[in-house]
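Chains as they are written, first to last, in the working numbering: chain A, 1 to 105; chain B, 1 to 486.
These aren't lab readings, by the way, just hints derived from the structure by calculation.
Pairs of lysine-lysine, PhoX-like flavour, derived with a Cα cap of 25 Å:
id, chain 1, residue 1, chain 2, residue 2
1, B, 33, A, 71
2, B, 30, A, 71
3, B, 234, B, 163
4, A, 55, A, 74
5, A, 55, A, 80
6, A, 88, A, 74
7, A, 74, A, 95
8, B, 242, B, 163
9, B, 242, B, 311
10, A, 71, A, 55
11, B, 33, A, 55
12, A, 74, B, 30
13, B, 30, A, 55
14, A, 80, A, 95
15, B, 33, A, 74
FRET-style restraints, in silico, Cβ to Cβ:
id, chain 1, residue 1, chain 2, residue 2, range
16, B, 37, A, 74, 19 to 25 Å
17, A, 45, B, 329, 50 to 56 Å
18, B, 336, A, 45, 43 to 49 Å
19, A, 94, B, 467, 44 to 50 Å
20, B, 90, A, 50, 37 to 43 Å
21, B, 63, A, 95, 33 to 39 Å
22, B, 4, A, 94, 40 to 46 Å
23, A, 58, B, 356, 51 to 57 Å
24, B, 26, A, 21, 27 to 33 Å
For each residue, glycine too, the CB sits at the ideal point set by N, CA and C.
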Amino acid sequence: MGVEAKLSHTAALILRAISAGYIYGFSVMEMTGLPSGTVYPAMRRLERDGLIQSKWEAETIANAEQRPPRKYYKVTRTGKTTLEASLKRYPLLEKMIPQTEVEHV
Amino acid sequence: MNRLLIRVYMLELYCASLIVPEGSRTEWLKEWKAELWHIASLPANEAAASFVRGAFQDACVLRSDLRRMGPGRSHALHSSPVVCLLSLLLAGLASLGLAFLLPGTRTALLPSPYRDARALVVVSRDGMSRSQSANISFGEFRYWQSAAQGVFSGLAFYQIERKQLHAGHGAEVEVSVARASGNLLSVLLGSGFPISAGGTGADSRVVLSDAVWRRYFQADPHVAGRVVFLMGEKVTIAGVAKPDVWRLPGQAEVWLLESDSRMNTLTPQTTGFVVARIQPALTRNVSEDNWHMVVPQKDGSVAGFKCISVKHYAREPFAHFAFAILLALLALPATTSLPLGEYPYNPRQQSLSLRLRRWFFFAAKLALVLPVVCFASLDVAQAFSDTQSVQLFVTFVSALAALRWMLHDQRRRCPVCLQMLRNPVHVGQPSRNFLAWNGTELICVVGHGFLHVPEMPTSWFSTQRWLYLDASWRSIFRPQEMARSA
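One chain only, chain A, in its complex shape (with noise of 0.2 Å):
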């Protein structure tokens, strides 16, 4: 597939984060040290070429927790395949982001 060859480092490393469980922009900003400037953009690009999906949480948790519902980010399966392409590509991006257990909302 086209999109898995043109993935960027910036991009891989952001799929790969979301991939880690960090769900949403601001903690991927944390975890990848980018700023958010570029984050947003890049998962923006990201869903569309359809490697992660948007979602927002349910209402009934954010008013729950007094809190404006949050967007989160989930890598789909074709992400998920480009991913694992990436990772060949850029070894140290599964270093720099070890997998975690999946933030659940």
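Dock chain B against the given chain A, drawing on the hints supplied.
Below, chain B alone, put in the same frame as chain A:
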């Protein structure tokens, strides 16, 4: 974090959201606000400040991304058959509107202001009927007045001259004057001329054109009866003619209707135009608009004259248009191939109504293209002195181009949805033209089929071929395109 600071950050986010296109703005702002709420709960203020700064960058990127996705929508609009017909209709209306604004073309479009215009003729010497210059002598006019009463019920003579008009306010202007015999208006029977100016009188009278009346007499409603100096002589203004009332050869801004005694001062060699009314009995059972007149001369020879109906003059631009279109139709096969391609009959995908719709679209394009060419060529020709030749040339060239475009456009459309075919791909190699397929493939984005256009026509693939795709192919096409065409 300070509440005031949070409000400042929220305001910044709101400002950034204005960069985002309206359709995506609400969700974009909601996500950034939610994230800011979480960052605000952190002790470090710098994180929130840098986070909000990134919002502007994200908004700009999102805007440019959405704009880049725009061409898909604009292409859908561009390829729509309805948009194609509407564009032609607009072009036709625009050229028609321009034709009404230009004085030269407006007279061709408006109905004739003269009663029984077919019987009203302009007499000209043989071979000079196309000329705008005067070619009848005053002596000939006088002879016909006395000798041709059985043919003409009325005859009038006029000359076009540039003369000084003294409007009465100290200003002297040069105008184009039609110096005519007193019966000119009664021969014309024009509804746009003032009634008081009709008939023959002992004094010379002048009729002003609407433009002169407005420009030099400030549209004075009491101008009739005023005395002005024309060519250094006193004349009385009989009235004002309506716009576009003059359809005879020569440009006239003022009509000077001379008395018989003053007309007789002209030498027999003075040349001018002769306009006449043919006896009703002679035109009743004749369909032609041109008559030939033979007049014996004093030396025993005969001279030939053409009597061309004013109605014929009015129809002339359209006759030229029809001739140029005929030439363009004859030239068309030499410039492009006429077949639209091979479209195999497929009752499942192309019902009779769909096939008829395709031909109706073709006919509608033709019906809209021709007026565009007609009015546009009339408009362009007005910019040149030789309007007839320019109109013929422009009509021929533009009609040929328009007909070629029509055929090309029809060939490049899907026969089912009439959308333009997209994604042209060259397949094959020119060196293998006689052994394998070499040409261009186009696809209907809705999924109705493929068009194969051979690069070089061969005996086994002479023209473009359409290949219908069945329903099993639908899954690979974009649902929004399919929905748009439905």
